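Asker: Sequence:
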Amino acid sequence: MQPTIANVALIAGERVRKLDKAFGQRSAIKPILDELAATYGIRLTEAQALQAARSASGWMRDFEEIIPGRWLSDEESAALGLPIAA
Numbered sequence: 241m242q243p244t245i246a247n248v249a250l251i252a253g254e255r256v257r258k259l260d261k262a263f264g265q266r267s268a269i270k271p272i273l274d275e276l277a278a279t280y281g282i283r284l285t286e287a288q289a290l291q292a293a294r295s296a297s298g299w300m301r302d303f304e305e306i307i308p309g310r311w312l313s314d315e316e317s318a319a320l321g322l323p324i325a326a
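Each residue of the sequence shown is one higher than the one before, starting from 241 at the first, in the numbering used here.
In short, the hints are calculated from the structure, not lab data.
All figures in this text were calculated on a predicted structure; none of them were measured in a lab.
Just so you know, not all the hints are guaranteed correct.
Listed below are the simulated SDA-like cross-link pairs for lysine to any residue, each with C-alpha atoms no more than 25 Å apart in a straight line [stated by the list, open to error]:
1. K258 to A246
2. K258 to T244
3. K258 to A287
Based on the sequences and whatever the hints tell you, model everything.
Answerer: Next comes the structure, spelled out in C-alpha cells:
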C-alpha cells in the first residue's frame, strides 16, 4: 500500500509542532518537507504542514508531551506499508 497525502501530513504536522519556537518559519519547515518528500514520494506545501500541525486535538498534543516519539495507528502503518506487530 502507498502512503497518502493525509498520512504524510499527519507526520509533517507532528514534526512541525515539535519545532516549538521555530513554528511556522520557512527555514525550519522546508527541511521537514524535503525529507518527507524523499522518504514517501509525496510533496506537501508549507500550508498543508501548518494546517496539519494546527489541527491536532488537545489529547494528541497532551500525548506528545507525555510520550516522546511517533506512535502510528494501524491504519497509518498500513498506508505507509509498515508491518503491524501482532
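Asker: Provide an ascending list of the numbers of those earlier hints which the structure does not satisfy.
Answerer: No hint contradicted; all consistent.
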